[in-house]
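For the protein sequence lines, the chains are A and B, in the order given. Using this note's numbering, read the first sequence as starting at 13 and increasing by one per residue. Using this note's numbering, read the second sequence as starting at 55 and increasing by one per residue.
Treat the hints as calculated values from the structure; they're not laboratory data. By construction, the Cβ of each residue, glycine as well, lies at the ideal position given by its N, Cα and C atoms. Don't take every hint at face value.
[Stated by the list, open to error] Derived CB-CB ranges, DEER-like:
#: 1; chain 1: B; residue 1: S223; chain 2: A; residue 2: G38; range: 16 to 26 Å
#: 2; chain 1: A; residue 1: G155; chain 2: B; residue 2: L170; range: 25 to 35 Å
#: 3; chain 1: A; residue 1: G155; chain 2: B; residue 2: Q305; range: 26 to 36 Å
#: 4; chain 1: B; residue 1: R301; chain 2: A; residue 2: A97; range: 15 to 25 Å
#: 5; chain 1: A; residue 1: Y218; chain 2: B; residue 2: G73; range: 35 to 45 Å
#: 6; chain 1: B; residue 1: Q305; chain 2: A; residue 2: Q143; range: 35 to 45 Å
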Amino acid sequence: MRAMVTVGRADVPKVLSVAKLRKEYGGKAAVEGVSFEVGRGEIVGLLGPNGAGKTTTINMVLGVLQPTSGTIHIQDLDLAAQRSAALAMTNFAAVYSPLPGNLSVYQNLRVFGLIYGVKSLGARIAELLEQFDLVKYRDVKCGVLSSGEQTRVALAKAMLNRPHLLLLDEPTASLDPATARDIRARIREFAARDTGGVLWTSHNMYEVEEVCDRVLFLARGRVLLEGNPRTLPGEHGQASLEELFIAVAREPLALERS
Amino acid sequence: MHLHRAAAVALRHYYLLRGSLARFLPLFAWVAIDMVLWGFMSRYLNTVTSQEYNFVPVLLGAVLLWDFFIRVMQGVTMVFFEDVWSRNFLNMFASPLTISEYLGGLVLSSIATSTLGLLVMLVLASTVFGLSFAAYGVLFVPFLLVLFLFGIALGIFGCALVLRLGPASEWFVWPIPALLSPFAGVFYPLSTLPAWMQAVSHLLPPSYVFEGMRTLAAGGAFQVSTLLWGAGLAVVEILLACAFFTRVHRQAVRTGLIARYSAESVS
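Take the sequences, apply the hints, and build the full model.
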């Protein structure tokens with residue numbers, strides 16, 4: 013079975029290049045031969061059913077999980093060899109990794125701003141508090157904020173260092189539709205305005221279609237499909253991205269052969 | 055090593071201490087209680103034993119030094135535990151922070167918190183119970199330094215242990231000083247111990263400090279080279295503890311434990 017190698021637009025500088033990534037637990041592969049790229053200004057959706065290998069892939073890109081084999085380059089830096097420098101250009105927000113609830117919004121942003129070596133940190137924090145509508149919560153402990161407010165804080169932290177690569181693992185999970193739309197708008201704004209690319213996972217196909225320039229479908233640790241989320245369903249005989257998702261989840265082998 | 059990253063780890067703990075009486079009080083409350091308890095105990099023993107022997111520099115001084123060592127060790131482990139309790143590993147270790155910067159942050163924080171505890175003990179022991187540091191001479195500072203270094207080594211070792219075994223294993227770390235105290239000869243000469251315990255004692259830098267402290271308090275001469283041996287041992291143990299933490303961290307990254315730390319195991 014051949015793992016699909018996916019490549020984005022050739023003319024766009026790459027912020028992330030993943031090649032032949034494999035992660036094995038006790039002889040069983042959780043991720044198998046995954047290769048893809050994320051270009052500057054591009055939002056790439058990493059889709060797939062639960063257990064497909066999305067979070068495993070993201071953890072490897074974040075340097076908290078060592079691949080069994082394969083390479084990860086952030087900009088031109090090899091993550092395995094230049095971990096700290098590569099991660100200084102990266103940032104992330106994940107629904108399962110909230111910022112410490114016992115620190116205030118400002119304190120969290122200050123601590124992580126120092127860790128990421130943000131220049132003119134005070135001004136950058138003020139800018140992000142404004143941008144994410146957090147000014148009134150500046151001195152409020154993160155643990156008492158609503159999930160929507162906490163997500164905005166996590167995104168503000170994720171954008172502190174104006175990352176070249178922004179990883180978002182289900183950033184809008186458990187948010188109400190209005191808040192989720194607001195968050196999507198801010199991430200689109202980031203990709204359009206700054207010099208970064210975004211790797212995004214979500215189970216909300218409406219959202220993926222609205223936000224992502226390109227999607228990768230993962231199943232059983234492999235990339236099965238890749239393409240434009242608005243045209244991909246038709247190319248595979250499905251009415252919508254959601255139908256395609258269900259087909260990938262139920263019959264990945266059939267899609268792999270198609 | 056970027057100092058601002060290590061400073062960020064210490065700053066996080068400063069914010070926590072500043073905003074929480076439950077974290078701030080233990081920095082000096084328990085050591086102050088120890089000073090009061092052992093101060094009165096020393097006074098009482100002075101009244102019931104030979105007039106020539108002063109228990110204050112021997113007993114109260116020993117408790118002060120031992121408590122300082124415990125504060126240093128816990129100063130390191132507490133900062134690490136805050137990351138465990140707030141499930142902050144992913145945010146910290148998926149950042150540009152290196153292991154040496156992270157450990158540097160734990161040490162910076164411990165310097166600040168243990169100094170506060172030490173100051174409270176020094177003030178109480180000298181003003182209320184008349185502990186005179188002249189009894190130890192200039193060696194008092196190297197005594198503290200050796201205990202500080204060993205506290206750092208043991209603190210880093212404790213953090214590595216918890217990183218390896220999971221959040222619940224913090225209960226292995228709290229009793230470590232109590233476990234070591236019989237071997238360190240805090241209150242008695244090492245010659246009191248059986249041979250096998252003395253062999254263990256010689257691997258523990260505090261045992262050199264307490265032997266020296268007792269010798270000086272009794273008016274004897276103490277070989278500085280013995281203390282240097284203790285200091286050298288403490289430095290080696292810091293390097294070993296750092297190597298152990300790095301190894302455990304590498305294994306946690308290889309197995310995926312960092313990303314799933316709350317599960318305590320990846321198997």
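Now for the hints, and whether the structure bears them out:
1. B:S223 x A:G38: 16 to 26 Å: holds, 23 Å
2. A:G155 x B:L170: 25 to 35 Å: holds, 27 Å
3. A:G155 x B:Q305: 26 to 36 Å: holds, 31 Å
4. B:R301 x A:A97: 15 to 25 Å: Hint holds: Cβ distance 23 Å, inside 15 to 25 Å.
5. A:Y218 x B:G73: 35 to 45 Å: holds, 41 Å
6. B:Q305 x A:Q143: 35 to 45 Å: At 40 Å between Cβs, range holds.
The structure agrees with every numbered hint stated previously.
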